[in-house]
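Which chain is which? The protein sequence lines are A and B, in order.
Under our numbering, the letters of the first sequence match residues 22 to 289, in that order.
Under our numbering, the letters of the second sequence match residues 2 to 285, in that order.
Just so you know, these hints were derived from the structure itself, not from any lab.
These figures come from a predicted structure and were not determined experimentally.
Built from N, CA and C at the ideal position, the CB exists for glycine as well.
Among the hints, erroneous ones may be present.
Unchecked claim - Okay, the calculated bits of chain B under chain A, using three or more residues with CB under 8 angstroms as the criterion: (1) 30 to 42; (2) 87 to 96.
To be verified - If you want a taste of the chain B side facing chain A, the calculated C-beta under 10 angstroms gives, among others: (3) 55; (4) 59; (5) 63; (6) 101; (7) 102; (8) 103; (9) 241.
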Amino acid sequence: MTKPAPAAPTTRRPSKPRPSLLLPLGLVAGVIFTLWAAWTIHFDVARIAANWDRGITIIGEVLDVDWSFFPRTVEPMIQTFQIAIIAAIVGCAVALPFAFIASRVTAFNRWSMTLDRWVLNVIRALPDLLYAMIFVAALSVGPTAGILALIFFNLGVMAKLLSETVDAVDTGPMEAAQAAGATHVQTVRSSVLPQVLPNYVSFALYIFELNIRASTVIGLTGAGGIGVLLGAQLARFNFPQIGMIIVEIFVVVLLIELASNALRRRLV
Amino acid sequence: MTERPQKPSALQRNLLFVAVGAVFLWAVIGVGIRWDRLLNLPERLLDIFGRMFLPPDWSFLPTAAEAMVESLAMAWVGTIIGAALSLPMGFLAARNVSGGALSTFARMILNAIRAVPELILAIVVFVPVAGLGPMAGALAIGVHSIGTLGKLTSEAIESIDPGPVEAARASGAGLVAQQRWSVLPQVLPEIAAFWLYRFEINLRAAAVLGIVGAGGIGALLANTLTYRRWDSAGMTVLVVIVGTIIVDQISGWVRRRIIEGSDGQPRAGDEAIADPSRTADVAS
Numbered sequence: 022m023t024k025p026a027p028a029a030p031t032t033r034r035p036s037k038p039r040p041s042l043l044l045p046l047g048l049v050a051g052v053i054f055t056l057w058a059a060w061t062i063h064f065d066v067a068r069i070a071a072n073w074d075r076g077i078t079i080i081g082e083v084l085d086v087d088w089s090f091f092p093r094t095v096e097p098m099i100q101t102f103q104i105a106i107i108a109a110i111v112g113c114a115v116a117l118p119f120a121f122i123a124s125r126v127t128a129f130n131r132w133s134m135t136l137d138r139w140v141l142n143v144i145r146a147l148p149d150l151l152y153a154m155i156f157v158a159a160l161s162v163g164p165t166a167g168i169l170a171l172i173f174f175n176l177g178v179m180a181k182l183l184s185e186t187v188d189a190v191d192t193g194p195m196e197a198a199q200a201a202g203a204t205h206v207q208t209v210r211s212s213v214l215p216q217v218l219p220n221y222v223s224f225a226l227y228i229f230e231l232n233i234r235a236s237t238v239i240g241l242t243g244a245g246g247i248g249v250l251l252g253a254q255l256a257r258f259n260f261p262q263i264g265m266i267i268v269e270i271f272v273v274v275l276l277i278e279l280a281s282n283a284l285r286r287r288l289v
Numbered sequence: 002m003t004e005r006p007q008k009p010s011a012l013q014r015n016l017l018f019v020a021v022g023a024v025f026l027w028a029v030i031g032v033g034i035r036w037d038r039l040l041n042l043p044e045r046l047l048d049i050f051g052r053m054f055l056p057p058d059w060s061f062l063p064t065a066a067e068a069m070v071e072s073l074a075m076a077w078v079g080t081i082i083g084a085a086l087s088l089p090m091g092f093l094a095a096r097n098v099s100g101g102a103l104s105t106f107a108r109m110i111l112n113a114i115r116a117v118p119e120l121i122l123a124i125v126v127f128v129p130v131a132g133l134g135p136m137a138g139a140l141a142i143g144v145h146s147i148g149t150l151g152k153l154t155s156e157a158i159e160s161i162d163p164g165p166v167e168a169a170r171a172s173g174a175g176l177v178a179q180q181r182w183s184v185l186p187q188v189l190p191e192i193a194a195f196w197l198y199r200f201e202i203n204l205r206a207a208a209v210l211g212i213v214g215a216g217g218i219g220a221l222l223a224n225t226l227t228y229r230r231w232d233s234a235g236m237t238v239l240v241v242i243v244g245t246i247i248v249d250q251i252s253g254w255v256r257r258r259i260i261e262g263s264d265g266q267p268r269a270g271d272e273a274i275a276d277p278s279r280t281a282d283v284a285s
């Protein structure tokens, strides 16, 4: 004899959550915005068909990489590294005070925090290449313009990332430092900085990685590095040489990312 | 009486400082900074700043605003393309969904895409194929975004709660139905927030693609700077700043709303978006 199966539980099926009206409205708005955007930029697949033959010819020429061009790319690539190193170190150093003033936890007072945040918002609103264009126009071509452009870019990114990290620190050590009579700057130095230091170094590596990517193309505006060579070859339609430069950028960026990821994983 | 503990060795840290300092010196000496020019740099910058913004060329505002709107449209279309294509790539790259050689292969493709900057994609692929103009820019932005968004999507999928997937499988759901009903609902808020964040980044890319003929406000700035029309260039820069900040604020508000829901409380499992190092990854 088998036992009879226990009676099915009689609890009612929970009622379906009522869908919020916001979601369909948001979706409709998104679709309309997308259609408007596509219309604004004259998005038209037929253009691809019309340009296809010319496009494929050019892509074919780029893929026909001129490997003998490599020796001429070495020196500009080294300059790209130098630009990225200087800009990353200076930018990250300058970002430290900006980050601490921008965080609720370590700000001096309300108005300096708000001012600092707005300055950072403005700095972050301009992309790296726009800075490069402005500095090239102001200082003439060369790596100095590229370095300055990337310093501003780095300042914006690092200050934002670091101030968000500082927002989340444990405030216990701060209280201890204050109780022991430390001034505000001493408190930050002795009880906040050590907590965020691993993140800071990790962000710095990440910014160096971003700078390598950026300084490969920043030269298109004349701001030094391998981008200058890329711009010159582009002006002469030397596509196999462009192919060589792109292969090199690709390999360098991948290697830097691998190295930086490995280091960052050890840090945090 | 307890003894004061010994100070930990600072050797490793000091070695690191020396190494970074040495590399920095090598770079500064090697890059050939013109120190003589650097000395009058502040003066020169103030001069240019005055010409650009005191006052900017207000009559140039409609032209600049129109170009910025074009950049905005490029960035949006690019983000939509990137989001649509990165979603399936994210599922393919997630080890707990596809696994094995397939996910490794998908990861390699995503890494490769990320290593090619938008500008280069525009130069060698999309300007030749789509012609000069904002459509080329939107395509370049879209394809480049697949790399980052696909990687983040796969990471979000890998960190889901496996319970609902099991439940769906136990009730007879097929592979696709499992993804639709047990994986997607868990990751969609986080991924939608990543899409919006990427849109903010893409707007910045769309503002510069003009220098290679791929549309947007970048071409305007390049032209005005080449012809030394400083006040018009100043107006263009102002429009970029104001436009970008407005979009950032709106997009940031929507992102917070998506993550927190209507009750203002973060949904469970969505701490990732608040982690700066995760948001940092969206930008690469």
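Tested hints:
1. Counting residues of the region 30 to 42 of chain B whose CB lies closer than 8 angstroms to any CB of chain A gives 8, so the stated coverage by that chain holds, three being the minimum.
2. By the rule of at least three residues with a Cβ nearer than 8 angstroms to a Cβ of chain A, the coverage given for the region 87 to 96 of chain B is violated, with 0 such residues.
3. Hint status for residue 55(B): violated, given a least beta-carbon distance of 15 angstroms to chain A, over 10 angstroms.
4. The criterion of a C-beta within 10 angstroms of any C-beta in chain A is not met by residue 59(B), whose closest approach is roughly 19 angstroms, and the hint is violated.
5. Checking residue 63(B) against chain A: minimum C-beta separation of about 16 angstroms lies over 10 angstroms; hint violated.
6. A distance limit of 10 angstroms between C-beta atoms decides the matter here; for residue 101(B) the minimum to chain A is near 22 angstroms, and the interface restraint is violated.
7. For residue 102(B), the interface hint is violated, since its Cβ never comes within 10 angstroms of a Cβ in chain A; the closest pair sits about 20 angstroms apart.
8. Against a cut-off of 10 angstroms between C-beta atoms, the interface hint on residue 103(B) is violated, since the closest Cβ of chain A lies about 21 angstroms away.
9. Hint on residue 241(B) holds. Least Cβ distance to chain A is approximately 6 angstroms, under the 10 angstroms limit.
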